[in-house]
Amino acid sequence: MLPSPRIFLSVVLLSACQGEPASPEGADPAKSVVSKGSSGADQGPPQGEPVRAILTQAPAVPPPTGRNAPAKVIVELEVREVVKPISEGVDYTFWTFGGDVPGSFIRIRQGDTVEFHLQNHPSSKMPHNIDLHAVTGPGGGAASSFTAPGHESQFTFKALNAGLYVYHCATAPVGMHVANGMYGLILVEPPEGLPPVDREYYVMQGDFYTVGKYREKGLQPFDMQKAIEENATYVVFNGAEGALVGDKALQANVGETVRLYIGNGGPNLVSSFHVIGEIFDKVYYEGGSKTQENVQTTLVPAGGSAIVEYKVEAPGTYVLVDHSLFRAFNKGALGMMKVDGGDALEIYSGKEVDSVYLADKAEPGAGQAVAQASAELAQGSVTLASQVAAGQALYAGTCSTCHQADGKGLEGIFPPLAGSDFLNADPLRAAGIVLTGLNGPVTVNGKEYNSVMPPMSQLNDDEVANILTYVYSQWGNQGHVVTADQVAKVRASAAMPQGAAH
Amino acid sequence: MDPGAALALSGLTVLVPAGEHRPFYPSPGQETVQVATFAMDATPVTHAEVLAFVRDQPQWQRGRVKRLFADERYLSSWAGPTDLGTLDPLAPATELSWHAARAFCQAQGGDLPTVHQWEHAADATADAPTGARQDPATLSLILDWYGRGDTPPGPVAQGAPNLHGLYDTHGLIWEWTLDFNSLLIASDAREGGDQDRMRFCGAGAISAIDPADYASFMRFAFRSSLKADSTTRDLGFRCAYPLSP
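The listed protein sequences derive, respectively, from chains Z and U.
Residue numbers are given in the working numbering: position 398 of the first sequence equals residue 398, and the series is strictly consecutive.
Residue numbers are given in the working numbering: position 237 of the second sequence equals residue 739, and the series is strictly consecutive.
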């Protein structure tokens with residue numbers, strides 16, 4: 001009997017695929033056991049003694065498997081519900097794989113058979129399970145790993161596809177388990193391994209939803225409504241604001257090549273991952289097998305990953321951000337890599353000139369007036385004329401964009417400073433508003449304004465004093481003189497919004 | 503803390519009036535079920551009560567209980583088979599398997615409440631027979647509870663009772679039900695008898711009546727993770743009693 005035309009056609013297509021060379025360069029035949037895709041990726045039964053997987057906590061990454069044959073790999077992962085800081089002075093009850101957020105990094109090789117043990121600590125209040133995106137099979141292991149507190153589940157899977165995969169808890173309510181930190185990365189190396197690099201790090205982003213506002217102190221419960229509205233309180237790398245900052249910054253030396261395994265646990269937000277001052281030489285976008293070169297910002301989906309590589313050429317601090325920038329500067333999505341080594345001035349000069357420049361709105365020579373007032377203050381006293389002159393320059397640079405050069409503001413949007421009853425009523429309140437911003441309705445000269453003034457906490461005490469003294473000296477205002485000492489007291493007593501005005 | 507309340511109220515039973523209950527996971531074509539009037543313990547069963555029980559029925563003591571009926575963690579926080587050690591006698595008894603909890607209730611002339619009975623009774627708010635499930639306060643009780651992290655449950659009856667006079671229905675412990683595993687057995691016809699629907703990503707949300715009811719999701723997910731020999735530190739029970747034999 002003749003085969004049907006449809007079957008015949010598919011056979012032709014299949015052989016056409018197989019006829020293609022694995023690599024145009026005619027690479028090492030051992031390497032041409034292509035890691036791409038799952039078909040034909042079953043490299044036979046595991047060989048040798050079972051191997052116990054080395055698990056690491058972020059930012060550490062386990063060493064390469066170094067194996068050239070598939071093995072049986074035993075992974076033991078313990079779920080713990082732990083209270084830890086999510087920001088300074090702010091605690092959160094994280095649900096974790098391995099005691100930390102993100103969960104332990106798992107590294108295996110394509111073709112490995114993984115015997116997975118999920119242990120749920122007896123002190124847990126919730127049942128948990130695990131869905132590994134590296135698993136081929138219904139639920140990614142979730143159904144087979146559903147585990148009550150104080151119990152352990154076991155299942156086995158074969159890692160058919162190479163790549164960097166997210167794993168996460170998938171117990172109802174799923175979003176909440178993920179929002180509490182239940183995610184991590186599993187790297188399935190291609191058979192030939194990944195090219196050697198000098199340093200590897202593990203960085204994973206996640207968004208968190210707390211009842212209290214950003215940086216509101218104390219133990220903060222999960223806020224379901226904010227989670228549903230995707231209105232994150234925190235967006236952080238490695239489970240806490242500041243997890244990769246200061247002493248905990250990632251380290252590298254000039255001339256080294258760095259590989260970052262980037263994951264995004266979500267549950268809601270997609271990351272625009274960027275390292276300030278670096279260009280990714282290579283990106284395995286979406287954690288797959290293909291690479292892109294010369295990338296500034298790579299998109300990391302919720303429940304997805306990317307591998308980025310770059311050589312660090314110049315010393316200094318490089319800042320890792322989600323380039324959705326309010327997350328970086330107002331919700332915590334900021335980390336650092338410190339690069340040590342000799343200057344590479346031909347690549348980056350460092351600061352060559354330092355002079356005052358007050359944006360395009362400032363008058364020429366404005367810097368001089370500011371410097372004059374500062375110098376006088378340092379000597380012990382500052383004249384009113386100097387304060388007003390400095391204040392005028394600073395006002396032009398900082399305030400006039402909204403309140404306008406003539407102090408009249410924009411009716412209904414930016415309140416006037418000229419002849420303002422609200423302003424004249426209380427100079428110290430005005431100083432407080434400059435420092436901490438103003439949010440919500442105010443009535444100025446009988447008109448209601450309801451907008452947001454960001455905190456200007458980047459201004460020094462004397463700069464604030466000079467601006468206010470200038471404003472009070474103009475436009476029919478009542479001529480109050482504000483001193484740097486007064487501003488310092490206001491600043492000390494004000495509840496400063498942290499992280500304001502970067 | 504008010505140990506007096508715990509002492510006075512544990513062991514009391516209250517009446518839960520009949521009512522129409524809307525199951526969180528309704529059966530196809532059956533949005534509501536009728537729950538008949540029954541009696542129920544006002545508080546979860548306490549350590550002190552279980553201690554008396556295992557003295558009376560030594561086959562339920564730690565070390566004597568059949569392994570088939572309880573896993574290794576059974577009453578493992580106790581100092582000895584009949585010694586509570588430092589445990590608060592008025593805290594809810596946990597680390598008991600379904601078999602042991604049921605034996606306790608049967609010894610009192612009752613049984614574990616069914617899921618429908620339990621959910622119906624616990625859906626009462628302070629002043630209405632239903633609505634706790636939709637009440638954000640219920641959810642926040644539970645969120646606060648797990649948010650406290652690794653803390654063993656304190657004594658019973660420290661909060662306010664619901665309309666029926668039941669204490670600690672939410673936010674102290676999980677509680678056994680007679681048919682805790684029924685969700686996995688009663689499958690939705692549209693899902694072709696898929697018994698895993700509660701167990702992974704999103705599956706549980708499809709058939710639930712209110713996808714925003716996270717408190718119920720957590721409770722049902724917890725129940726479906728259990729086997730009859732399971733014991734956990736935050737799982738206790740209370741008994742239900744039929745009104746006529």
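Careful: at least some of the hints might be erroneous.
To give an idea of the chain U side of the interface with chain Z (calculated C-beta under 8 Å), a few residues [what the hints assert, rightly or not]:
| hint | residue |
| --- | --- |
| 1 | L553 |
| 2 | R557 |
| 3 | Q561 |
| 4 | Q563 |
| 5 | R569 |
| 6 | F571 |
| 7 | L641 |
| 8 | L645 |
| 9 | D646 |
| 10 | F719 |
| 11 | A723 |
| 12 | L728 |
| 13 | D731 |
| 14 | T734 |
Calculated from the model, a selection of chain U residues having no Cβ within reach of chain Z, i.e. all distances over 10 Å [stated by the list, open to error]:
| hint | residue |
| --- | --- |
| 15 | A554 |
| 16 | T632 |
| 17 | D637 |
| 18 | G649 |
| 19 | G656 |
| 20 | M720 |
Keep in mind the hints are simulated off the structure, nothing from the lab.
Please read all numbers here as calculations on a predicted model, not as lab measurements.
Ideal Cβ positions, reconstructed from N, Cα and C, are used throughout, including at glycine.
Taking the hints in turn, this is what the structure says about them:
1. Hint status for U/L553 relative to chain Z: violated, with the closest Cβ pair at about 21 Å, above 8 Å.
2. For U/R557, the interface hint is violated, the least distance from its beta-carbon to any beta-carbon of chain Z being 25 Å, above 8 Å.
3. Hint on U/Q561 is violated. Least Cβ distance to chain Z is approximately 23 Å, over the 8 Å limit.
4. Residue-level restraint check for U/Q563 is violated (minimum Cβ-Cβ distance to chain Z is 20 Å; threshold 8 Å).
5. With 8 Å as the threshold, the beta carbon of U/R569 stays out of range of chain Z, its nearest partner Cβ sitting at about 15 Å, so the hint is violated.
6. Hint status for U/F571: violated, given a least beta-carbon distance of 16 Å to chain Z, over 8 Å.
7. Annotation: interface hint on U/L641 holds; nearest CB of chain Z at approximately 7 Å, less than 8 Å.
8. With its C-beta approaching chain Z no nearer than about 5 Å, U/L645 sits inside the 8 Å limit, and its interface hint holds.
9. Using the Cβ-Cβ criterion of 8 Å, the hint placing U/D646 at the interface with chain Z is satisfied: the shortest such distance is roughly 6 Å.
10. With a least beta-carbon distance of about 4 Å to chain Z, the hint placing U/F719 at the interface is held under the 8 Å criterion.
11. The interface hint given for U/A723 holds, since its Cβ lies 5 Å from the closest Cβ of chain Z, which is under the 8 Å cut-off.
12. Evaluation of the U/L728 hint against chain Z yields a held restraint, the C-beta minimum of about 5 Å falling below 8 Å.
13. Evaluation of the U/D731 hint against chain Z yields a violated restraint, the C-beta minimum of about 10 Å exceeding 8 Å.
14. Annotation: interface hint on U/T734 holds; nearest CB of chain Z at approximately 4 Å, less than 8 Å.
15. For U/A554, the shortest C-beta to C-beta distance to chain Z comes to about 25 Å, beyond the 10 Å cut-off, and the non-interface label holds.
16. For U/T632, the requirement that its beta carbon stay farther than 10 Å from each beta carbon of chain Z is met, with the minimum near 21 Å.
17. Distance check for U/D637 against chain Z: the nearest CB is about 13 Å away, which clears 10 Å, and the non-interface claim stands.
18. For U/G649, the non-interface assignment is contradicted: its Cβ lies about 4 Å from the closest Cβ of chain Z, within the 10 Å cut-off.
19. Distance to chain Z confirms U/G656 as a non-interface residue, since its nearest Cβ pair spans about 14 Å, more than 10 Å.
20. At roughly 7 Å from the closest C-beta of chain Z, the C-beta of U/M720 falls inside 10 Å, breaking its exclusion from the interface.
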